[in-house]
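*Asks:* Residue strings, one per chain:
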Amino acid sequence: MASLDDLKKRIASVKSTQKITKAMKMVAAAKLRRAQENAEKGRPYSEKMNNVILNLSNGLSDKENAPKLLSGTGQEKTHLCVVMTSDRGLCGGFNSNIIKKAKSYFSKILDEGKELKIITVGSKGNDQLKRVYGDKIIKNISFKESKNANYFDADKVGKMVIEKFETGEFDVCTIFYNQFKNVITQIPQAQQIIPLNNEGEESNSDESYEFEPDEDEILSNLLPKNISTQIFKAMLENSASEQGSRMSAMDNATRNAGEMVDKLTIEYNRSRQAAITKELIEIISGAESL
Amino acid sequence: MSEEFKVEIVNPEKSFLVKDDVSEVVVPAFEGEMGILKDHISIISFLKPGIIKILSKSGQESYYVEDGIVEFKNNNLSILTSAIFNLADINKSKLQDLLKQAEEEASKTDMNDQSKYLVDQKIDVLRSIN
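Protein chains in written order, with my numbering: chain D, 1 to 290; chain L, 1 to 130.
Hints listed in this document are in silico derivations from the structure and should not be mistaken for laboratory results.
Computed cross-link-like contacts, PhoX-like style, restricted to lysine-lysine with a CA-CA straight-line distance of at most 20 Å: (1) K159/D to K116/L; (2) K164/D to K114/D; (3) K108/L to K156/D.
For clarity, every value in this text was computed on a predicted model and none was experimentally measured.
Bound conformation, chain L alone (with noise of 0.2 Å):
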């Protein structure tokens, strides 16, 4: 029997990424890394800033986003994000100023606890990548 599933990731502007040969999907979701296998129950969640890990046959492929919402529904993954970066693709310059970016918006004083931590959570994601 297969243990394969189908995972789409699509962002505002496009359908980023369609595969169907995909055996695990690690996705950074907002309480915590979540793997997802075949056969998952359906799920609804959202992301935190992280790496989503796409294990198929040809590969591990790995994607940095900073938000999004996962669907999983009859061994379909959806995944809706407005921003998602290829790590392969990804330099170094560009990291910088995504960090040099959050770390701007950290240091504003006047926002909520969760907008707050999703910002250090992106910060802490970006260096680790760095």
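One chain only, chain D, in its complex shape (with noise of 0.2 Å):
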């Protein structure tokens, strides 16, 4: 049995563990507020955007010579995936779930013999993956300097996208990220970006418009900003998830740790007692022999 003096060590050890992380669950509140502020403002754009390519997609007429970034490049052999990570860990499951969803995507991909890319967004993704498709890798972006996710940001990763695309790269692009529902769920997603995808979805007005310049030439320059747009929003959605995960992950801890003080101090408690009856025992037995 551990003596008195290391449990006591033992107790302080957990109090200042539970400390830093009740720390990191206020801080990581507090954030999580901001940036659940900043995805349900960054909303309307990203839904407008949506919107507007529906109804010019919809009225298309010359579907054949639709933009690639609309209608693909016509096979699809190699994927880009761009899998969007935290920069920080100590936020749960968030990381590993997104890894869990985006290497479930990459060996499917694989057994189908199409070939692979990936870019990383964020540190955490890229230290999990390089271990098995450090080869496929073929770029790693941080944002560690930012506080935020910015749009300055999404949209560097977007025009690094749209170059590869436009150098025959790749053909197909999906992005991985946290879609964040509230602070316990948070549902890892795969969103297919390049050629677009949004078949099924009917535009909700019939009204038609008038295009200046014409619709191709419209097409053509939205689409590279959707690319931005769709990234940012994977950012925000992210880093409010980050957040949120981080929460409950600390709170966890915090809760576990106030049981294991318990149970140490419960302990603690019984040896010392149990030394003090041994002591007493003792005494009174030696007073006994007098």
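Take the two lone chains, each set in its own frame, and fit them into one complex as the hints suggest.
*Replies:* Right, dumping it as structure tokens:
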């Protein structure tokens, strides 16, 4: 059995860990609120963008000659996957959920004999993927310096993806991120952004639009922007999810630490009592023998 | 009869401006400036760098935009843009920065005609408000 001193030290160390996790939980809660607000504020833009593109592509007269970003290159040989994770750890299953989703997709693609290229956004995803898929990762981007998700960063990623698409480096692009549902639930998502997959979605207006200049030109101007917008949306969802996930992970950790402290305290008190009783017995039996 | 309609400007980070007592909006559309009044036909167009003018009861407001899409439908004007500044808030040094950036971009040789045109436009506009 551990000595009293050891127990005391362990209690102290668990308590200080608890303090840290508690502080982290509170910081995450504050950040979560901001991230959530940002995600909500960003929604109108991506929704409107989606709507306009829907209206445009439905009204497109010449579907054969539609921009490649919309209709695809006509083949599905090379897949580019953009895996978006966080730069920091200690956020529960946040990163591993995305990685798990991505890995199952990767093995599906490789089984089909297609080529795979990976871009990782965020260092945690890169750490986990480079062991198995190290040779497939063509780029790792990290925005450690930026405090919040901002459009400028998203645009950088978007431009890079488009550039690679235009030089024919891949045919299909999918982004992986966590969708924020609530603090406890984040759903890992795989969203295909090139070619844009909006079949089945009906435009909510059957009104015809005037286009200036013509549809093709607007579409070819709009689609690259949409890529950046989708990536930005994913970044916003991701940052809200990260904070939410961290918050619940730290909440659990704090609670577990509390339970541990309780258990250790009982053990400490018991062995202290045992030692006292033992001493008393010794004194009494010593006195009796006199 | 009121001659007012609603305008909404959104950028990726938030809803930038919502106004529902607007009488006229002038946007720098790709093929030239375009004035929009109430009951305009439904239209989608995109913007080149320039100045958006919004006329309402409370007076005129001007915004500098770098790009964007306009959609007008049922007397709702939506402007989606990734870079917008209120001319009243923007100061000289910020303008200078933007101008310098644009000039750097223009000095690159490997760009297509369209982006070249857009960058030239940007420089023109920035010089004119400077």
